[in-house]
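Enquirer: Sequence order for the protein chains is E and S.
Mapped onto our numbering, the consecutive letters of the first sequence carry residue numbers 1 to 358.
Mapped onto our numbering, the consecutive letters of the second sequence carry residue numbers 1 to 472.
To be clear, the hints were calculated from the coordinates, so they are not data collected in a lab.
Distance condition first, Cα-Cα at most 27 Å in a straight line; then the derived DSS-like pairs of lysine-lysine: (1) K132(E) x K145(E); (2) K205(S) x K3(E); (3) K47(S) x K67(S); (4) K206(S) x K3(E); (5) K208(S) x K2(E).
Distance ranges between label pairs, derived from CB positions: (6) D232(E) x L302(S): 51 to 57 Å; (7) L302(S) x N276(E): 53 to 59 Å; (8) N54(E) x I326(S): 34 to 40 Å; (9) I326(S) x K182(E): 54 to 60 Å; (10) L304(E) x I374(S): 57 to 63 Å; (11) D242(E) x A436(S): 45 to 51 Å; (12) Y268(S) x Y170(E): 49 to 55 Å; (13) L416(S) x Y170(E): 40 to 46 Å; (14) L440(S) x N246(E): 43 to 49 Å; (15) N439(S) x N246(E): 46 to 52 Å; (16) K219(E) x L416(S): 44 to 50 Å; (17) K199(E) x L440(S): 55 to 61 Å.
On a predicted model such as this, the values are computed, not experimentally measured, just so you know.
For each residue, glycine too, the CB sits at the ideal point set by N, CA and C.
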Amino acid sequence: MKKILLILLMFFITGCTDYRELTDMAIVSNIAVDYTDKYKLIIQVLDNKENSNNVIVYKSNGKTLEDAFRNISLECPKKLYLGHIRTFIVKDNVFIDGASKFIDFILRNHEIEKDFNILVTNDDIEDIMSIKTELINIPSESISKGIENSSIVKGTISNIYFDKFLMTLYDTGIEGVLPSIKIIDNNIVLDNKIAIFKKDKLISYLDSDSSFGYNILNKGSSKSIVTFKCDDTNYSSFELLDINSNYKFINNTLIINLKLTATLKELNCNIDITNNKGVNRLKNMFIDEVKRVINKTIDDEKKLQIDYLGIGRYLYKNNYDFYVSNNMNNIIKNMDSKINVDVVFTQKSSIKKGDEKY
Amino acid sequence: MIEKIKSRVGNSPDFIVRELDLCNEKVSLLFFETLTDTSSINECLLKYLGYIKTKKKISLNLANYIKKYIPAFKIIEVFNIDEIITILFSGFVVLNIGSKYYSMEVRRQLDSGITKAESEKTIRGPKDAFTENYQTNIGLIRKRIRNENLWLEEFNVGKKSNTKIGLMYINDIANKCLVNNIINEINNINIDSIPDSTYIYDYFKKNKSLFPNVLLTERPDLVSYKLLSGKVAIVVDNTPYVLLVPAFFMEFFHTMDDYFQNTFNSTYIRLIRIIAFITTVMLPGFYIALITYNYEIVPPSLLVNFAMQKEGVPFPTVLEAVLMNIIFEILRETDIRAPSTLGSALSIVGALVLGDAAVNAGLVSPIMVIVIAITAISELIFSINDVSNAAKIWRLIFILFASLSGMLGVFIALILLVSELVSIDSFDFPYMYPNAPFNLIDQENNILLTDNYKLKFRNKLTAIKNKIRGVK
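With these hints in hand, go ahead and build the complete structure from the sequences.
Expert: In structure tokens form, the structure reads like this:
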């Protein structure tokens, strides 16, 4: 009897009994938020009807986000279920006031899993939420798959989930970054620029070169390509296979050591890669390009005085006295940088005559 | 005396007393025509007795002469009336000469004969199965182990039925303690009749567990294999199923076919059987937990798929699952009990009602039909009925717990299931051996089956006297 009572207690005192039928809930997959004088909320709900892969769009306003969500119930007959959101699109003027405002809603909601993509946009959210995606019917799925794919193959997009964004936002000595999207020709397109934050406010965007540099330093773009001019008019491309980066900060100098493995993908110049001379020429041009990109990233950091690379965090962990006794802004403004790039070409894919050596 | 016997058996019309007059002496044959082979009585006994009628010389010592020369391979003198009655019921003919009584066996074959194994089919290996005949069953085992160490002990159990029970074990392998234990248990049985070997099994059962703690089999090759790994076989008259003691849980996932095939294949199939067991016990509960409580762990695309199929079904998922389960059990039960001529009609109705019409009418979701179908198919993988019965009950427990608190309930039920399994013992042998207690060598005949083990070792726990099967 005691045993049976114990088993029964397990059901009632754990608080894990939230019975809800699948048909009674609306599965939200995409949320977009804007803020002017009050919150404007647009959500996409997955359509349960047979043989349709569409989403249904609901809009509402509210004084708080929670209020806006409750207002949707005036229109939507089922209870919203937020456990499966894939993307959370935020209009950039929400961040101008500070991200903490709406992040509070997400953190307090027990239903939301923290592994969705959070995105910044410049365009009107109503336009974005009304666009139908072609290849993958569910827009949120399409966006999050797109970010996942292009962060690997392109390298200018960062695949940053909400939990990672939260970590960089509140961690000491590092600032948050977010990927962004825009509308081109009535299509949702991933933007080449990374949004950067100071404290929790959106300050600026990095351009595509700086974004690429940021991703290389964070080892985020593992299969992306480096394209550079190899003579006056023509370009060549190398694919990065492996990125190994670490940095040190000694005597006001940021020393970055990069070890790259790359493979030739396209060679349009007349360079003889059968001998070491030609290969070395390519290698130097490749290294110059990588250095240029990373220098751009560091220059942007110095110019904006926003420590998105996490130099402050490095100092906080390794040289705490130095971190405490100096103003971080001054350190960043006055630092020098030294970049050591070491590259190994694994294969050169001999196609042309005389290339047999590789 | 004869009149006395007649009245003891209630003047049964099938009790025949054939009186003969031989050399001026009255000789009578007593037998049951329903239990004896009457043609052999006619052909042999009566013909022979009619032949000696003409010989006058032997009239001096007729009883001795008949005892010496009658064409029967065994002739026993019986003395009192109880013995006579017992032996009459065993299919003997009793010959009365003067005051002496002799008995001869002319038993009629009353069983179905050796047939193919019905419920434990194999692809390779012998096809014969036990019959209802005690002697045949013992013979089938003896045929496989021609060794002096295969010992047989006989008991008569059942106050009214007097059923013969044979205990078989290999003297230099089996655990003597276990044998004595079983003998004690059999002696303690106090019942009027033993209709089937499962009655013995009920007497052996000490706990309330749903899982069987003896192995029931109709395959003589399995029995001989298990005897050689130190188990004790119990053969019961009138039953084509032999009990093997002790039983381990993992043995229900083994079949005789495993030993006749490539061991890699056997290992793979055993893995499939374990997956099937887990499926048949847990799948409906798991599905209910996923769809009503823990939808967070379902990938979104799959969840939408579930939601699409569930759309428009008026019942809660739990009710749907229980209903489908009951409908399937009804179908199964009717399929077993109905005459085979109705079988095809049944399956058509069942397939149409369950598979198509119910879904089209929007009463059940297609995914629930799939879930119950997979569950039902997985259940049928066990040839031993007791295991699938236990799985059936545990499935309902899982459904109940899952409907109360989702995944948490499923895991509570899982803990209960595991604690039940590890708490069973079969004649003081741990049921979950070789998993708990763990034994490294016997792992090779657990989920795994290796050639090395197959050719070399016996079970380490039961074969205490002789652990090596052979040296490769």
